[in-house]
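Those sequence lines, one after another, are chains A and B.
Take the first sequence: its position 42, counting from 1, is numbered 42 in my numbering, and each next residue is one higher.
Take the second sequence: its position 413, counting from 1, is numbered 456 in my numbering, and each next residue is one higher.
No wet-lab data here; the hints were simulated from the structure.
Cβ atoms here follow ideal geometry from the backbone N, Cα and C, with glycine treated the same way.
No false leads were slipped in.
When the alpha-carbon atoms are kept at most 30 Å apart in a straight line, the in silico BS3-like pairs for lysine-lysine are as follows:
id, chain 1, residue 1, chain 2, residue 2
1, A, K36, B, K322
2, B, K222, A, K36
3, B, K454, B, K322
4, B, K489, B, K273
5, B, K127, B, K480
6, B, K278, B, K131
Which bits of chain B does chain A cover? Going by a derived footprint, with three or more residues having C-beta under 8 Å, they are:
id, stretch
7, 49-63
8, 66-79
9, 335-345
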Amino acid sequence: MTNSENQGQENHAVLLVLFWAYVLIPLGWGVYQTFKKALALFA
Amino acid sequence: MPGFFSKERITAGHRYNRWLIPPAALAVHLCIGQAYAFSVFNEPLTRVMGISQSAPDDWKLTTLGWIYSLAIVFLGLSAAFGGKWLEKVGPRRTMFTAACCFGGGFILSAIGVHTHQIWLLYLGYGVIGGCGLGLGYVSPVSTLIKWFPDRRGMATGMAIMGFGGGAMIGAPLGVMLMKYFQTETSVGVMEAFVVMGILYFISMVIGSLAIRIPPPDWKPEGWTPPAEAKKMVTKRHVHIDQALKTPQFYLLWAILCLNVTAGIGILGQASVMIQEMFKGAITPEAAAGFVGLLSLFNMGGRFVWSSASDYLGRQNTYFLFFALGTFLYSMLPTFSGEGNVVLFIAASAVILSMYGGGFATIPAYLADIFGTKYVGGIHGRLLTAWATAGVLGPVLVNYIREYQIEHGVAKADAYTTTLYIMAGLLMVGFLCNLLMKEVHERHYMKHGEVEEGV
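In isolation and in its complexed conformation, chain A is listed as follows (with noise of 0.2 Å):
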C-alpha cells in the first residue's frame, strides 16, 4: 500500500518542529491580537 512519497519519512523530527510551528506561530500571533483586544474590558 505504501509507495515512494511515504518511504524514507521515519525520522521527521524536523519536519514535525517546522510544520508545528508553521500553524503555532500565525496561530499564536491571533490569539495575542485577541488578548490585547480583551485586554480592554479590564482597562
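Chain B: place on chain A using the hints.
Okay, now just chain B, sitting in the frame of chain A:
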C-alpha cells in the same frame, strides 16, 4: 502508479509519525476559520464607491449580510453532500478542492469588488467559498480519528480549535491588509481579498500535501484496543446512508443544533448585550474586549472540552454542557440585575467555551456511535444542524428582543426572556442526550460490507 490524489498514494507506512497529521488539519482549519471574521469587511464594503463615506450607489449592510449567510448555508450543504465523496476519494483530494474553492472564492469576490457586482461576491465568497468551508471542515476529521483511536476527542479538538483560531488570524490580517492597501481611490478590500485568497490557497494546499491516512491494520505503538467494548463506544461501523435511518443521528443533530443556537444567543449579541445590560458601566471598547474574551474561550473550549471528553465520556460531556449551560444562562439576568459584571463575564465565558466544546466533541461522539469508517461523511451531514442554527439562532434572538421592545420592555430587560429561552433550549438538548442509546444491531454493516467500502 496510483494518482497523486489517490488514497493509495497517501497511505502512510507503519512507522509514520502521527503527530504530523494535526498540523496538516490545522493548516486547513486556520484558513477556513476566517469565515467567522468576515464582518471586518462589511463596513469598508459599504463605501467602495464613496471611499471616505457611503455613496448612493454603494452596497447596504443588509445586502452584504447575505454573503456570510450564503457561505454558512453552503458550508452545511457541501459538507452534507461532499461527505460521501470524501469517504470515497480520501482527504487529499477533498482538501485540495477546498483550497481551490476557498482561495478561488476570494479571487472571484475581489473581481466583484473591482467591478462592483454584488452577485460575484455572493457567488465567490458565498457559494464557492462556502463549499470550500464545508469540504475543508470535514476533510481531516475522519483521518484524525483513525490516527488517534486512543484520543479521538483531543485529535478532532485540535483541528476544530483551528477553526476558532482562524477568526483570530483572519480579523487582524484583514484589517491590516485593508489599511496597507487603502488609497484615495480604494478602500483596500479588493487587494486584501486577492492577498488572502492566495495565502489561504497556499496554506490549504500545504495541508493537503501533508495529510496521510494510516494503513488499514495500524494502531498507535504500545496501545491495545480495550478488550471489552465500552458502553456507547462501538467497534463496528454504520454505513453513511444507513446512519440517516437511525434515531441517534437525529438526536445528535438536535444536540448540535440546540447547543449552537444557545451559543449564538450570546455570541451574536455580545457587544450590544453587555453595554445595554450594564448601561454606563461598559464602554464600546470594553464591549469589544468582551467579544475578544469570548472568542478566546470559544477557541480554548474546543480543545479543552473535547480532550476532557476522552476521559469523561462523550455523553457525560454533553450532559455537563447542557446542565451547566442551563444553570449559567438562567443566572445571567440575575448577575445583570445585581450589577455583577465579573460574574456575568465569567458565566458568559464558560458558556462560550461549551459552545466551542460542542462543535469539537461531536465528531468523536459520532465515531463512538457509528464507528470510524464513515465518520467524516456522517459528520458532514450532521453539519446541516450548524447551518440551520446559524440562520435560525440570530433570527430567533433578534425577533424575541424586538418583540419585547415593541411591547414596552426596557432595552436592558429585553434580554431576560431571550436568555431564559436559551436555557430552555439547552434543557431540550439535555433530554435529547438522555435519549441517546447504542445503534440497533440491524443498522451495523456486515463484515464483508465493511471490506468492500463505499
